[in-house]
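Visitor: Quick mapping for you: the protein sequence lines, in order, are chains A and B. Residue 1 is where the first sequence starts when you use the working numbering, and the numbers rise one by one after that. Residue 413 is where the second sequence starts when you use the working numbering, and the numbers rise one by one after that.
There may be inaccurate statements among the hints.
With a cut-off of at most 20 Å between alpha-carbon atoms, the simulated EDC-like pairs for lysine to aspartate or glutamate come out as follows [said to hold, decoys possible]:
(1) B/518 with B/457
(2) A/207 with B/624
(3) B/700 with B/721
(4) B/518 with A/352
(5) B/563 with B/510
(6) B/563 with A/160
(7) B/679 with B/663
Incomplete in silico selection of chain A near chain B, CB under 7 Å [said to hold, decoys possible]:
(8) 5
(9) 6
(10) 145
Keep in mind the hints are simulated off the structure, nothing from the lab. C-beta atoms are modelled at their ideal positions from N, C-alpha and C, and glycine is treated no differently.
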Amino acid sequence: MSDTTRLSLVEAARVVAHRDFRAILFSRAFLFFLLGPLFPIIVGTLAGGIGGQVQRDATTRLVAVAMADSDAQAMIAARERLAPRVGAALPELAATASAEAPADILREPGRNYAAVVSGSPDAPALTAPQEAIDAWSGPIAMIAAEARTRAPSAFPEVAERPVATSVAAQRTDRIRTAQAGQLILFLLMMLLAGMVLSNLVEEKANKVIEVLAAAIPMDAVFLGKLVAMLGVSFVGIAVWALAGGTIGLLAGSALPHLPEPALGWPLFVALGIVYFAMGYLLLGSLFLTIGGMAATVREVQTLSMPVTMAQLLVFFLAASSITRPGSPMELFAAAFPLSSPFAMLARAAQSDALWPHALALAWQALCVFLFVRVGATIFHRRVMKSGKGGRAIKGHVGGAAPAAGITEKHSA
Amino acid sequence: MLTETGTVTRAQAASSRPLAIEARALVKRFDGTLAVDGVDIAVPEGAIYGILGPNGAGKTTTLRMLLGIIDPDEGVRRVFGNDRPHEVAKLIGYLPEERGLYPAMKCDDAIAFMGALRGLPLAEGKARGREMLESYGLGHAVDRQIRQLSKGMAQTVQLLGTLVHRPRLVVFDEPFSGLDAINQGKLEGMIRDLAAAGTTVIFSTHVIHHAERLCDEVAIIAGGKVPYAGSVDAARDRIPAQVRLETRRSEGAWRSALPADARHDAKAEGSHFWYFPVPDSGIEAMLKQLIEGDSGILSLSIERAGLHDAFVEIAGAAAARALAEDNGQGAAR
């Protein structure tokens, strides 16, 4: 602490941040916070498993072959020969001994055919709903053509000459990396920045806000709270990353297979961390101001919905311009403070130029400063005022006006 | 400065010192409503200064402006000569009316945190907090969370947090609010000790007795205005001392010695009370006439006006009624 008559802004913010950080980290609720992402993963896995099962049960690729035995065997053999070359484009085939009409075969209970092919390889007929006919008539014709040739087709050997990438492939790949980066950044922001909304409600509810406001500037309170929440977020991310990495290693693939970003992985990850911090501080300062206006937790909950929608809008702004680097839309997304971290992270994946990042970070830091300043001023003006104690005395000017924040209470 | 008896009163001594707080023509409006209307206050260093007025009079708003929690719309305020109170925050301790502590914090941590906000290193604040808790009989509660304390204990913890960094100026907003008689007595003692050690103490109250017992100077505030600011003695001296005379007889030539506006109150047969201000010519000549006129003097006393009378005189009957109501509500609570 400096030897002056007041704390500097940084010192004052550090006192607030230190208290908030410890208070959150050493609370029981923090454990639930850490476990938070586990629930959507479990729900997602369960929903995915159930959905996949239903999908498998609901759709089938099995086509019945209602032909003479020799023709049926020829069709099945032809399909086996084509399968290594054509793969998933071909349906599964099963010979059916049924002498019934194809339409009746499709209606037979207990069977699950997508279509029935009848006739002969020379004149195949496909019986099925129109969508199945559209899907399978081509592959069935190919199989029938192969079945008609008594000798197996001789497929020419295709010489393979692989290259590392093409310009088009590289661009497409890096867009994938940019998208993944933006998505992770957005998910973390959505998960973590919302916590800031309710941050000042505690101080207002337990009246600590007046003690803080009397001792240090409101800017320091705002900054301290934001830094504390950012610290808590980093602890959470570190724990989740560690857990995810461990699970990935155990599963045999530690990292998702994403193409390398233009700036390389180390710099991309470092920029991702810095952009997360900047985005968090920008969005957090906005949330802190909005949340500071709320008088109760219920009001904060009501506010959280439009705030989440606003987050989505910002994300869509950045995501929509990802494929058009240098376009006016992309430049706007990079310049608009709230979407800037998202847009610039996408740039880091697609372009190896470093100077735009230096410029963007300086701009974002300036915006953080301005947002905190404006937020603290609004809070100071709107909330920090005397309140309901005002009972006008006859013959005198009345008491103070009602206010949402600090109130002058009747007490003795 | 010497009085007639050769002693220097605290108020007189304080008035010769530099000002800890100076406010000139402070004005504050909330949503167009005038909450504070041209308040002037001057608090000398080392003084005990009271801001006396009913709830809603503008006491808290005035204190908040003095501390820099809110800014005045008009006027200037200086704390230790600085017009930005946060610039001298390390020299100030503040106990708001609505007590506020983090419920999950331990007592010593809460005190250390309040000290840290005023520039005291956390470790030192924690050590001092433990010492203070011990000396105030709360040693057993050092490691308890605030939420586990009684209201009175939590108030004491916040009071200690206000003082842990050894401020030169302490501002209390309604400090006696919510305290029982014993703790009110303790707090009065603490305020006197602080002043004796050279600390300036300024507090707001709607209880006249606290101001009368403790303060060197008071500002009487009502409806956002300060009709009087000065020493308690000078406030009381604004009303002439009252004579309370009891006579056996009600009539006689001696009656002409009494002022024409003397109030008469016959309590019982042979007991008549007379109330009137001490005449400008003094009491001796009148007393001689009463004795010679055989009025049958049973008792005679000269009563100096109290701060309550001064408050009624200065702030008006409406403000005095409001103050009485507040005190009644306080007593009921």
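Visitor: Which hint numbers does the structure go against, in order from smallest to largest?
Guide: Violated: hints 1, 2, 3, 4, 6 and 10.
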